[in-house]
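Starting from the known structure of chain L, fit chains G, Z and V onto it as the hints suggest.
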Amino acid sequence: MELMICAAARTLEDGAMVVVGTGAPCAAAMLAQKTTAPNLTLMFEAGGVGPRLPRMPISVGDSRTFYEGLMATSMSDIMETCQRGMVDYTFLGGAQIDACGNLNSTMIGDDYQRPRVRLPGSGGASDLGSLCWRVLVITPHDRRRFVKKLDFVTTPGYLDGPGAREAAGLPPGSGPYKVITSLAVLGFHEETKRMQIESLHPGITVEQVQAETEFELECCSPLEVTSEPTAEQLDILRREVDPHRYIIGR
Amino acid sequence: MELMICAAARTLEDGAMVVVGTGAPCAAAMLAQKTTAPNLTLMFEAGGVGPRLPRMPISVGDSRTFYEGLMATSMSDIMETCQRGMVDYTFLGGAQIDACGNLNSTMIGDDYQRPRVRLPGSGGASDLGSLCWRVLVITPHDRRRFVKKLDFVTTPGYLDGPGAREAAGLPPGSGPYKVITSLAVLGFHEETKRMQIESLHPGITVEQVQAETEFELECCSPLEVTSEPTAEQLDILRREVDPHRYIIGR
Amino acid sequence: MTMRGNGPLFVEPDCDAARQWFREKPKQMSDKVMSVQDAVRQFVSDDDYLASGGFGGDRIATALLHEIVRQQRQGLSFAGHTATHDFQLLCAGNDTGRGQLLKRVDIAYIVGLEARGLSPHARRVVESGQIELCEWTNYALALRFQAASMGVPFLPVRGFAGTDTFDHSAAARVTCPYTEQELTVVPALWPDVAVIHIHEADRFGNCRIFGTSVSDWHVARAAKKLIVSCERLISNDEIRRDPTSTTIPFYCVDAVCHVPHGSYPGNMPYEYYSDEEHLREWLTVEQDFDAYLEFIERLIFDSANFEEYLAQCGGAARMDTLRQQELDP
Amino acid sequence: MTMRGNGPLFVEPDCDAARQWFREKPKQMSDKVMSVQDAVRQFVSDDDYLASGGFGGDRIATALLHEIVRQQRQGLSFAGHTATHDFQLLCAGNDTGRGQLLKRVDIAYIVGLEARGLSPHARRVVESGQIELCEWTNYALALRFQAASMGVPFLPVRGFAGTDTFDHSAAARVTCPYTEQELTVVPALWPDVAVIHIHEADRFGNCRIFGTSVSDWHVARAAKKLIVSCERLISNDEIRRDPTSTTIPFYCVDAVCHVPHGSYPGNMPYEYYSDEEHLREWLTVEQDFDAYLEFIERLIFDSANFEEYLAQCGGAARMDTLRQQELDP
Chain L
5 MELMICAAAR TLEDGAMVVV GTGAPCAAAM LAQKTTAPNL TLMFEAGGVG
55 PRLPRMPISV GDSRTFYEGL MATSMSDIME TCQRGMVDYT FLGGAQIDAC
105 GNLNSTMIGD DYQRPRVRLP GSGGASDLGS LCWRVLVITP HDRRRFVKKL
155 DFVTTPGYLD GPGAREAAGL PPGSGPYKVI TSLAVLGFHE ETKRMQIESL
205 HPGITVEQVQ AETEFELECC SPLEVTSEPT AEQLDILRRE VDPHRYIIGR
Chain G
5 MELMICAAAR TLEDGAMVVV GTGAPCAAAM LAQKTTAPNL TLMFEAGGVG
55 PRLPRMPISV GDSRTFYEGL MATSMSDIME TCQRGMVDYT FLGGAQIDAC
105 GNLNSTMIGD DYQRPRVRLP GSGGASDLGS LCWRVLVITP HDRRRFVKKL
155 DFVTTPGYLD GPGAREAAGL PPGSGPYKVI TSLAVLGFHE ETKRMQIESL
205 HPGITVEQVQ AETEFELECC SPLEVTSEPT AEQLDILRRE VDPHRYIIGR
Chain Z
34 MTMRGNGPLF VEPDCDAARQ WFREKPKQMS DKVMSVQDAV RQFVSDDDYL
84 ASGGFGGDRI ATALLHEIVR QQRQGLSFAG HTATHDFQLL CAGNDTGRGQ
134 LLKRVDIAYI VGLEARGLSP HARRVVESGQ IELCEWTNYA LALRFQAASM
184 GVPFLPVRGF AGTDTFDHSA AARVTCPYTE QELTVVPALW PDVAVIHIHE
234 ADRFGNCRIF GTSVSDWHVA RAAKKLIVSC ERLISNDEIR RDPTSTTIPF
284 YCVDAVCHVP HGSYPGNMPY EYYSDEEHLR EWLTVEQDFD AYLEFIERLI
334 FDSANFEEYL AQCGGAARMD TLRQQELDP
Chain V
34 MTMRGNGPLF VEPDCDAARQ WFREKPKQMS DKVMSVQDAV RQFVSDDDYL
84 ASGGFGGDRI ATALLHEIVR QQRQGLSFAG HTATHDFQLL CAGNDTGRGQ
134 LLKRVDIAYI VGLEARGLSP HARRVVESGQ IELCEWTNYA LALRFQAASM
184 GVPFLPVRGF AGTDTFDHSA AARVTCPYTE QELTVVPALW PDVAVIHIHE
234 ADRFGNCRIF GTSVSDWHVA RAAKKLIVSC ERLISNDEIR RDPTSTTIPF
284 YCVDAVCHVP HGSYPGNMPY EYYSDEEHLR EWLTVEQDFD AYLEFIERLI
334 FDSANFEEYL AQCGGAARMD TLRQQELDP
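Residue numbers (the working numbering), protein chains in the order written: chain L, 5 to 254; chain G, 5 to 254; chain Z, 34 to 362; chain V, 34 to 362.
Okay, chain L solo, but in the shape it has when bound (with noise of 0.2 Å):
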């Protein structure tokens, strides 16, 4: 996990904007803003903006969320600030995703009126994997999980393939950007659309990715090894941004 949360701190470019749930892509984003990112605007999409935050919030919602913030304000502000375009990065996850990014975290099954597993639903996932500019999704990594086909389309990724966001009416330039798994990075072959694996985790080899993973990846050339965490980085994230282990210690 630690890992994790330090290969998507690190795609966090200072003065960029991120919408961001609780649990890791908080402390990620937390991270980064220790670190190489001071500059880095967090948004929960209640309504916070821009907290100190003492401790990760609970809930997307919560007082933490806009604690000594810049600003506490409504959902819709933050979902037209990513629909105007302003907001560079969000973070999903989901039950089920497939090749093109999409995301299932509605249900599990193969009958909608009799699913096997009520999920939640799209709560704003659909919206900011709609109109944010970049997708991250931090996520275990397995057969259950990277599937060929979702039992339910929640969140758009790149749909179907290249065009099909544009047709059906979604951002142009917008889509999933990276999806990093407890095995690898992955990416989107800017071309085809699909996910691809860009750097493996140390000691983890294309076939071991492969064979958690239901559709066809491709890799990247070269492919890389993607980056242990700094001593700076784990020393941030256990002694300031996660202290009690919530998350580091899943």
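In short, the hints are calculated from the structure, not lab data.
There may be inaccurate statements among the hints.
In silico SDA-like cross-links for lysine to any residue, where the CA-CA straight-line distance does not exceed 25 Å [stated by the list, open to error]:
hint, chain 1, residue 1, chain 2, residue 2
1, V, LYS136, V, GLN75
2, L, LYS153, Z, GLY162
3, G, LYS153, V, ASP200
4, G, LYS38, G, ASP18
5, V, LYS257, L, ALA20
6, V, LYS58, L, THR39
7, G, LYS182, Z, LYS58
8, G, LYS38, Z, LYS58
9, L, LYS153, Z, ASP200
Taking beta-carbon pairs under 10 Å as the criterion, some of the chain G residues facing chain V (in silico) [stated by the list, open to error]:
hint, residue
10, SER63
11, TYR71
12, SER80
13, THR110
14, LEU135
15, ASP164
None of the values given here were measured: they were computed from a predicted structure.
Even glycine gets a Cβ: it sits at the ideal position worked out from N, Cα and C.
Okay, now just chains G, Z and V, sitting in the frame of chain L:
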């Protein structure tokens, strides 16, 4: 002017909501509050709601419009409250009015590009005249104002007659209600939607009113005489509402 | 491209019918303070469409939701706009031997309690198929309330197109007359009744909210009937001292209930933090259906009112702890 | 029924082009405090589309408008959303021997100063036909800013249909996919630059407004470049003490100018009332063109900055009187 203000004040029932402008409408609303309609809620288009007006505002956006007010909000909130159907009355004016209560506050002349007189334009008038339930007009009465054909339709009254508002997409059941002039109180015929005399001010004849009106006027039957202001109304108007005679002195 | 989602439309976006309602809604600045019991009795009816303010477990109208369950309202529709503990509470009216409280739900987020996990009982209720569902997103539902509060039948949005979320919604597509681009539009949603917990209100219903407003600015204006519960009753003079801080004006409000700790076990910004232990207890006890029935019997149905619930949850001492957690995180 | 007004569209409602702009707009929380002169030099260009905050003569960015006139910007477009003294000021750049400041105007309300009367010079400029005009209403322009701030190409409205105002606008009609009713829609309007006067800002541009916000919440978010002038510079810690009061966040703001009395002769709620005598002087002097030229020469072009203007208008003593009028009406 005192008679007009008192007649206007009497049309505002207790518990109603009214968007007012500066001048006579504001005086009428204040008078109503202090006499028959203590629960009349005053709103101003720039965002002021429910002030304890210390004096007549000079601008519908100035700080008196929310002096010890219930809410200082946005122009959109006011307009949306009207559009939602919560606002009973608004007062409008204009350089010209026609038989169907359409109003011109945009220009005088027959060439839009080179008007004889450029007037301010709609401001909020066309919005309020579209969205509030009932429009009240307080105006001097003369042939230059009460015209057959407006040089420019700024604000919709009943447009060209029965059904026209609805056909244009304006809210059903809304429209001009009373025109309180220096000579008479006029209303609109339920079916023809044309202006008709409801009551003549004391000493005024139908012929006098018609002489100052370009279009043909019908009369209600029976034709009333406009009630004189009561002693109480006059006293409150002169002592509390407009002690400096800014409005009633005109 | 699908031109219209296949989901059911629970409320017709008829802005003229809504205008007529709002025209007739009483707008006197009258004293609206009443008990939670009276407010729910008077303003929440069977088959109403209900909306709930705040953000699931943050600034929620817990006391009012308890009372709706306690009074056993039937056949409600509900806007699940990040509904977490509020949805979990309402589900206590389904499959627990007291008829069917929830009948139809517009979903953006239900069943889950964010990072805390999924509610076993809410899952039981939803997975059984007894509730008619329509899928949306948080912003889509926020926009539906916004459209209603603006008095227009729809608003456009660029999100959630091309997804199953869209297909199971009642959103539609229109072509922009300027850019010719395809846009999603969502229909206005006027709830019959909304319950919102806020910080301060006067007796007439002029309200202040501190911290994030989530969607409550629009929910309050969209609702045909609105019950607010407040931490503090303040004077009308205090409201008038700072009109910039009024978030909800009296003419939107039908009832004002004075309920300190009214969002418990949810978080109330600047007042008290969420009671994570108690929320965990809900999730745990729901795993065993019999234990769950006993739990809600004791905490909700056998409690005469919200004060008794608070007393069972640790009373003043617990509230003080949560206040400390909020003020000194 | 006309399906589209015949008025000119000065800004294409292209939300993807706007997205690209906002993506590239710098969003570091950097120190943006600068002089009025530098702010206008850096952020207001010839041919820009300009929007002005407040309400014509209430909470207007007078100092910034003076500087735009003083620096003789050319060919501006302008949103006349209840524009009164602000429009009158900008007209000092037309027909006064310094080229043509205003070229195109979206009108809701221009030329007049509410109950104070019409501006003779503004009438001269507008009636000459030198400015390309498009008619709107106050709410229509507010909605156009709102659409832009939301990032959608249009928003619907039920007003101003069937009028010449509609025919001389660039509004269009659409059919509601739910109700089949005809609705007016107005196109999004992203100003190239907006100037807004506010009460308090920190050095990064986090802003507070007290009293009515008119349309500034949306104008600030719609503007591609935003200059704020403020009565008081406050610390970032003070902003963080009360995030609920932040009306405009730093990421919308390009420049922060500290200008006490910056709305003079306009009203600034809780600070000073409008200077009605001085506004009357403007209206009177404009009746005589030569006197008017001398008047603006002295008050605007020959003043090095806004402080000199204030000094000519009675300086500190006058400001104290207006403060008394505001605080004790």
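Quick rundown of the hints versus the structure:
no.	hint	result
1	V:LYS136 to V:GLN75	holds (21 Å)
2	L:LYS153 to Z:GLY162	holds (24 Å)
3	G:LYS153 to V:ASP200	holds (17 Å)
4	G:LYS38 to G:ASP18	holds (11 Å)
5	V:LYS257 to L:ALA20	holds (17 Å)
6	V:LYS58 to L:THR39	holds (23 Å)
7	G:LYS182 to Z:LYS58	holds (23 Å)
8	G:LYS38 to Z:LYS58	holds (23 Å)
9	L:LYS153 to Z:ASP200	holds (17 Å)
10	SER63	holds (5 Å)
11	TYR71	holds (6 Å)
12	SER80	holds (5 Å)
13	THR110	holds (7 Å)
14	LEU135	holds (5 Å)
15	ASP164	holds (9 Å)
Hint compliance for this structure: no hint is broken.
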